[in-house]
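Student: Please work from the sequences and hints to get the whole structure.
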Amino acid sequence: MSRLDTIHGVLDTHGKLGSAAATVPAGADLFAHGMTSHASVNVMLALEDAFEIEFPDELLTKATFGTIEAIAAAVDALSPVAA
Amino acid sequence: MTLISIAPLSLLERAEHAAGIAGQFAADVDVTARFPAEAVAALRESGLLAASVPRRFGGEGASLTELAQVAELLGAACSSTGMVFAMHHSQVLSLSRHLAGAPAIERVVSRIAADGLLVASATTELGVGGDVRSSLCFVDASGGATTLVKNTPVISYGSEADLILVTARRDADSAPGDQVLVVCDRADTALERTGTWDTMGLRGTSSFGYLLTATVAAERVVPVAYETISTETMLPAAHVLWAAVWLGMARSATDISRRYVRATARRSIGTIPAGATALVGLVAELERFESLVASSAHRFDEIADDRDALGSVGFVVSMNNLKVTASTLVADMVARALNITGISGFRNDGPYSVSRLFRDAQGAALMVHNDRITANTAHRILIQKGS
Chain A
1 MSRLDTIHGV LDTHGKLGSA AATVPAGADL FAHGMTSHAS VNVMLALEDA
51 FEIEFPDELL TKATFGTIEA IAAAVDALSP VAA
Chain B
1 MTLISIAPLS LLERAEHAAG IAGQFAADVD VTARFPAEAV AALRESGLLA
51 ASVPRRFGGE GASLTELAQV AELLGAACSS TGMVFAMHHS QVLSLSRHLA
101 GAPAIERVVS RIAADGLLVA SATTELGVGG DVRSSLCFVD ASGGATTLVK
151 NTPVISYGSE ADLILVTARR DADSAPGDQV LVVCDRADTA LERTGTWDTM
201 GLRGTSSFGY LLTATVAAER VVPVAYETIS TETMLPAAHV LWAAVWLGMA
251 RSATDISRRY VRATARRSIG TIPAGATALV GLVAELERFE SLVASSAHRF
301 DEIADDRDAL GSVGFVVSMN NLKVTASTLV ADMVARALNI TGISGFRNDG
351 PYSVSRLFRD AQGAALMVHN DRITANTAHR ILIQKGS
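Protein sequence lines, in the order shown, are assigned to chains A and B.
For the record, in the first sequence the residue sitting at position 78 is 78 according to the working numbering, with numbers rising by one throughout.
For the record, in the second sequence the residue sitting at position 365 is 365 according to the working numbering, with numbers rising by one throughout.
Honestly, the hints are just simulated from the structure, not real lab data.
Keep in mind that a hint or two might mislead.
To be verified - A short list of chain A residues far from chain B (calculated; beta carbon distances all over 12 angstroms): (1) L4; (2) G18; (3) A32; (4) N42; (5) E69.
Unchecked claim - The following label-pair restraints were derived from C-beta to C-beta distances: (6) P56(A) with H298(B): 27 to 33 angstroms; (7) E54(A) with A190(B): 50 to 56 angstroms; (8) D349(B) with P80(A): 21 to 27 angstroms; (9) V313(B) with A73(A): 57 to 63 angstroms; (10) A27(B) with A22(A): 56 to 62 angstroms; (11) P25(A) with L9(B): 29 to 35 angstroms; (12) I303(B) with V41(A): 44 to 50 angstroms; (13) A27(B) with S2(A): 37 to 43 angstroms; (14) P80(A) with V313(B): 57 to 63 angstroms; (15) A77(A) with R193(B): 52 to 58 angstroms; (16) T13(A) with M200(B): 45 to 51 angstroms.
Glycine included, C-beta positions come from ideal geometry on N, C-alpha and C.
Tutor: Set out below in structure tokens:
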């Protein structure tokens, strides 16, 4: 499963989006697609689990989880080996 | 290459570097009950042992607020290193703030800055019932040389120090409370070890008992009554810096708890894990602790040159209460961290162990026992007119 597929899967399970994550444009505002800040905490925890990473405090902002693009960039930056 | 040559690094940047080294060796220091030599070498090389020395004597003139920030970082990494830093600067300030124009003491303070000397203290004495404001030993100038013999139950890092500040009665006829401070070079001092330091926690402070015998120049007796030094500098500086070390330990315990709860949350996404509400309480307590230490350090810095204010009943009571409150807080918070982390925290190994922190935190209430401090405060509060 590709990195993007994993992110889509996490969003489908925990993001509370109104539509399937794969159909949401990478640059679209996830909060406008139904994700709540409560759901974003679960998304973060699931991403940490899926990619075996830990988000540092400075990345725990709404912007980090605001779009699929931003999530992918954060995951890349935190992964020990580039995808 | 020493760090100081890469200047200008800020005080806190250098503290973070030293804390990194302290953390690297903290477990070994604890297990083998040895002095944190690597961390103290880093403090020396980065100029942090000289941080509190006034600029005119070659130091940085760091405020108590700044020193407390360094102490907190070190305490979070290695409690013993933090305590060595705190005790050292309490001693340095006790000299540099009470020079009374004495050239010999000024030269000592300049040497502390130039050579990065480590300063220890010998205040407690066998036979006085733990009262540091009472001495049996005395400065003996009868034979031409100035000599001093003191039987001490503890001198923290005495064997590692370059200078030892020793309290003693002014002369053979002085009352037990008529004390002076004598600056002893390690080279002029014989230390015969009389006790061990195999303790529950703070195992790296190397606080052995010694029979101390020193022969020094007469001008090495600080020309200010120890009563004044103790009230205006030693006690407030020590209590603030100790509290800062304990704050660092409490922060470390909170961070471990946070990581533990987050790992638990990952396994049950969508439900609040068991420790999360307890963690909320711990984080709130940490904020209270931060405010207490910051405001106490700031209060000292504000009145640092106001001798009347430093000697006021209100300030003394406040500084005594700081020690008691902070030492109680750290022990309580580490116990709560153990409750949150459970068996993972109870382990001596693994990423969530709070074992060392738990044992170290028990020392806080006992090093100058809280009961003794509270009794002293109760006595003073009788004459306090309100705060």
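Student: Against each hint, give a clear statement of whether it holds in the structure.
Tutor: Hints and how they fare:
no., hint, result
1, L4, "holds (20 angstroms)"
2, G18, "holds (19 angstroms)"
3, A32, "holds (22 angstroms)"
4, N42, "violated (5 angstroms)"
5, E69, "holds (23 angstroms)"
6, P56(A) with H298(B): 27 to 33 angstroms, "holds (29 angstroms)"
7, E54(A) with A190(B): 50 to 56 angstroms, "holds (53 angstroms)"
8, D349(B) with P80(A): 21 to 27 angstroms, "holds (23 angstroms)"
9, V313(B) with A73(A): 57 to 63 angstroms, "holds (59 angstroms)"
10, A27(B) with A22(A): 56 to 62 angstroms, "violated (47 angstroms)"
11, P25(A) with L9(B): 29 to 35 angstroms, "violated (45 angstroms)"
12, I303(B) with V41(A): 44 to 50 angstroms, "holds (45 angstroms)"
13, A27(B) with S2(A): 37 to 43 angstroms, "holds (40 angstroms)"
14, P80(A) with V313(B): 57 to 63 angstroms, "holds (58 angstroms)"
15, A77(A) with R193(B): 52 to 58 angstroms, "holds (53 angstroms)"
16, T13(A) with M200(B): 45 to 51 angstroms, "holds (47 angstroms)"
The structure does not agree with the numbered hints 4, 10 and 11 stated previously, though it agrees with the rest.
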